[in-house]
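Novice: Those protein sequences? They're chains G and H, same order as listed. Residues 1 to 424 in the numbering used here are what the first sequence spells out, letter by letter. Residues 1 to 161 in the numbering used here are what the second sequence spells out, letter by letter.
Just so you know, the hints here were simulated from the structure itself, not pulled from any lab data. Positions of the beta carbon are idealized from the N, C-alpha and C atoms, including for glycine. Do not rely on the hints blindly, as some may be mistaken.
[Claimed, not checked] Incomplete in silico selection of chain H near chain G, CB under 8 angstroms:
#, residue
1, R92
2, N96
3, A149
[Said to hold, decoys possible] Below, simulated BS3-like cross-link-like pairs (lysine-lysine); rule was C-alpha separation at most 30 angstroms, straight line:
#, chain 1, residue 1, chain 2, residue 2
4, G, K93, G, K316
5, G, K49, H, K132
6, G, K319, G, K239
7, G, K49, H, K160
8, G, K239, G, K341
9, G, K393, H, K131
10, H, K9, G, K20
11, H, K116, H, K131
12, H, K116, G, K393
13, G, K156, G, K319
14, G, K87, H, K47
15, H, K105, G, K74
16, H, K34, G, K71
17, H, K47, G, K53
18, G, K87, H, K105
19, G, K53, H, K160
20, H, K28, H, K131
21, G, K71, G, K171
22, H, K34, G, K393
23, G, K74, G, K393
24, H, K160, H, K49
25, H, K9, H, K160
26, G, K171, G, K156
27, H, K110, G, K20
28, H, K131, H, K49
29, H, K28, G, K49
30, G, K81, H, K28
31, G, K81, G, K393
32, H, K34, H, K47
33, H, K47, G, K156
34, H, K132, G, K393
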Amino acid sequence: MGSTITEKILAAHCGRDSVKPGELINAEIDVIMCHDVTTTPAIDMLAEKGLSKVAYPERVVVMPDHFVPNKDIKSAEMVAKIRRWAKDQDIGKFYELGRHGVCHALLPEQGHVRPGTTIICGDSHTSTHGALGAFSTGVGSTDLAATLATGELWFKVPETILFRLKGKLGKGVYSKDVILEIIRRIGVDGALYKTMEFTGELIDDLSVEARMTICNMAIEAGGKSGIINPDQKTIDYVKARTNESFELFSSDPDAEYCQVIDIDISDLEPIVAFPHLPSNCKPVSQAGNILVDQAYLGSCTNGRIEDLRVAAEIMKDKKVAKNTRMIVVPATTDIWKQANKEGLLDIFMDAGATVSAPTCGACLGGHMGILAAGERCISSTNRNFVGRMGSPKSEVYLGSPATVAASAIAGKIADPRKYLQEKP
Amino acid sequence: MTGNAHCYKRDHINTDEIIPARYLNMDKEADLAKHAMEDIDVDFLNKVKTGDMIIAGEDFGCGSSREHAVWALRGAGIRAVIADTFGRIFYRNCINNGFIAIECKGISDKVDSGDKLEIDIENGVINNMTKKEQYEFLAIPEFAREIIAAGGLLNYIVRKS
Numbered sequence: 001m002g003s004t005i006t007e008k009i010l011a012a013h014c015g016r017d018s019v020k021p022g023e024l025i026n027a028e029i030d031v032i033m034c035h036d037v038t039t040t041p042a043i044d045m046l047a048e049k050g051l052s053k054v055a056y057p058e059r060v061v062v063m064p065d066h067f068v069p070n071k072d073i074k075s076a077e078m079v080a081k082i083r084r085w086a087k088d089q090d091i092g093k094f095y096e097l098g099r100h101g102v103c104h105a106l107l108p109e110q111g112h113v114r115p116g117t118t119i120i121c122g123d124s125h126t127s128t129h130g131a132l133g134a135f136s137t138g139v140g141s142t143d144l145a146a147t148l149a150t151g152e153l154w155f156k157v158p159e160t161i162l163f164r165l166k167g168k169l170g171k172g173v174y175s176k177d178v179i180l181e182i183i184r185r186i187g188v189d190g191a192l193y194k195t196m197e198f199t200g201e202l203i204d205d206l207s208v209e210a211r212m213t214i215c216n217m218a219i220e221a222g223g224k225s226g227i228i229n230p231d232q233k234t235i236d237y238v239k240a241r242t243n244e245s246f247e248l249f250s251s252d253p254d255a256e257y258c259q260v261i262d263i264d265i266s267d268l269e270p271i272v273a274f275p276h277l278p279s280n281c282k283p284v285s286q287a288g289n290i291l292v293d294q295a296y297l298g299s300c301t302n303g304r305i306e307d308l309r310v311a312a313e314i315m316k317d318k319k320v321a322k323n324t325r326m327i328v329v330p331a332t333t334d335i336w337k338q339a340n341k342e343g344l345l346d347i348f349m350d351a352g353a354t355v356s357a358p359t360c361g362a363c364l365g366g367h368m369g370i371l372a373a374g375e376r377c378i379s380s381t382n383r384n385f386v387g388r389m390g391s392p393k394s395e396v397y398l399g400s401p402a403t404v405a406a407s408a409i410a411g412k413i414a415d416p417r418k419y420l421q422e423k424p
Numbered sequence: 001m002t003g004n005a006h007c008y009k010r011d012h013i014n015t016d017e018i019i020p021a022r023y024l025n026m027d028k029e030a031d032l033a034k035h036a037m038e039d040i041d042v043d044f045l046n047k048v049k050t051g052d053m054i055i056a057g058e059d060f061g062c063g064s065s066r067e068h069a070v071w072a073l074r075g076a077g078i079r080a081v082i083a084d085t086f087g088r089i090f091y092r093n094c095i096n097n098g099f100i101a102i103e104c105k106g107i108s109d110k111v112d113s114g115d116k117l118e119i120d121i122e123n124g125v126i127n128n129m130t131k132k133e134q135y136e137f138l139a140i141p142e143f144a145r146e147i148i149a150a151g152g153l154l155n156y157i158v159r160k161s
């Protein structure tokens, strides 16, 4: 019996020839990503236990992103503490404001994600990096602290669900719609404790960035990780960003899966997740008359350059609706600069949107676009839980960047296909 | 271990609800405890006494990885959470903090708020002293019990080194 890519990577990182689902292992961790919210408590814990010395500073990448630019005094103290700590520990990879970005967009963009590696971060959307053929998973602050102190971490080898995705995306339909459809089908705990491996014609056709959107939301189905076998696109993406070597792992044809799910996405429509779960999805054509106060384009899910291009294509020479406001948050500094160079930021601002500095910001109800009671937001982010973007009495609807752009113009949840068809 | 049950039987109670992100600029238990569960139950802190337990449905603690959720509950006096199932990262965070999280299928249908419960970790049994019922649960894995006994993952690492 063969092994899955996840089993192979984990085996290689605990000095074994193979591992099986259910086994408890200690795995070497290649990349430890640290952001502001979950790293500060880890630093305190380590100091308290006399474990202050980071075992492998060269494996650590630090990037304050949640509450930067600092939202208040407490956040400023948190970021100051991380900055001091990184300096004290000789951690060279520190992304200061001005080079910074949302961690899951920045890490691969800056060449820190390589196929075949193991990656952890105190953040649930760490599943993103599986899009490049890495084992990447979100953990808590104690896990983070333990990994900083020892370079390794305990895991139960997960079972894997294989998603075989067939068909081609229609106009106005994107990888965000695909992952929302998957979550609709299996539910928010449909992959609990498991790895979601994505394969098939659809995945082959997607860009590396679009694949990240799919793996990013594996956690929204309860998944431990999302993963895609690396191909030439992956190799090209990684080699353009790093000279460090990497090993390619792929699932064997006779690998064992706990479940195989076949989905034909040929007829998929744009999908919108209604409050208050990412699984509460409807095709946009059945959304009804949902007026929106705010449209939010950004986040680790959909704040990359391709997302901004799609939204700008729809918004060019259009205006944001009178009773709606729009916030665009390019996910990283490089994305911001690229969007500016391509004239995308002008398109957004001419349409009446505002453009902010990179930040996790309002996605998690932090700052830069919080919702009041009774307000509704259409958002390209990943969660629409109660109070996620502000007041517990507000509502978040999730969609693709195209759906967000179309809805901003219409002032209500709208089908992006209509706007794309108007183009010559 | 004995305590009174507080039932939140809805499935998928997420960490944003247990401790909203607007309080993540703090990380001390006492500070977080003041806001534990406030978006679900504004009365939570008035109801809970030290030693009490939360009973929940499927997938308790799903969503964000914030360990602040465990700290907020513990700071509020909660000593264990018993749920049908847990979100994965929350479950890890419980083990790593030496905080008792017990998976017990069907528990949310059997227990009511105010029931007095006794947990026997060794034998995998919950004793409902109010209803005079017993519920078995899958024993916590030995590795996790060692971490819990050490008082958390970092203590466990310190002891081993």
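Novice: Could you run down the list of hints and mark each one as holding or not?
Specialist: Cross-check of the supplied hints:
no., hint, in the structure
1, R92, "6 angstroms, holds"
2, N96, "4 angstroms, holds"
3, A149, "15 angstroms, violated"
4, G:K93 x G:K316, "38 angstroms, violated"
5, G:K49 x H:K132, "43 angstroms, violated"
6, G:K319 x G:K239, "40 angstroms, violated"
7, G:K49 x H:K160, "13 angstroms, holds"
8, G:K239 x G:K341, "24 angstroms, holds"
9, G:K393 x H:K131, "37 angstroms, violated"
10, H:K9 x G:K20, "34 angstroms, violated"
11, H:K116 x H:K131, "8 angstroms, holds"
12, H:K116 x G:K393, "34 angstroms, violated"
13, G:K156 x G:K319, "51 angstroms, violated"
14, G:K87 x H:K47, "45 angstroms, violated"
15, H:K105 x G:K74, "41 angstroms, violated"
16, H:K34 x G:K71, "21 angstroms, holds"
17, H:K47 x G:K53, "42 angstroms, violated"
18, G:K87 x H:K105, "48 angstroms, violated"
19, G:K53 x H:K160, "17 angstroms, holds"
20, H:K28 x H:K131, "37 angstroms, violated"
21, G:K71 x G:K171, "39 angstroms, violated"
22, H:K34 x G:K393, "20 angstroms, holds"
23, G:K74 x G:K393, "25 angstroms, holds"
24, H:K160 x H:K49, "35 angstroms, violated"
25, H:K9 x H:K160, "39 angstroms, violated"
26, G:K171 x G:K156, "41 angstroms, violated"
27, H:K110 x G:K20, "35 angstroms, violated"
28, H:K131 x H:K49, "20 angstroms, holds"
29, H:K28 x G:K49, "16 angstroms, holds"
30, G:K81 x H:K28, "15 angstroms, holds"
31, G:K81 x G:K393, "34 angstroms, violated"
32, H:K34 x H:K47, "13 angstroms, holds"
33, H:K47 x G:K156, "36 angstroms, violated"
34, H:K132 x G:K393, "40 angstroms, violated"
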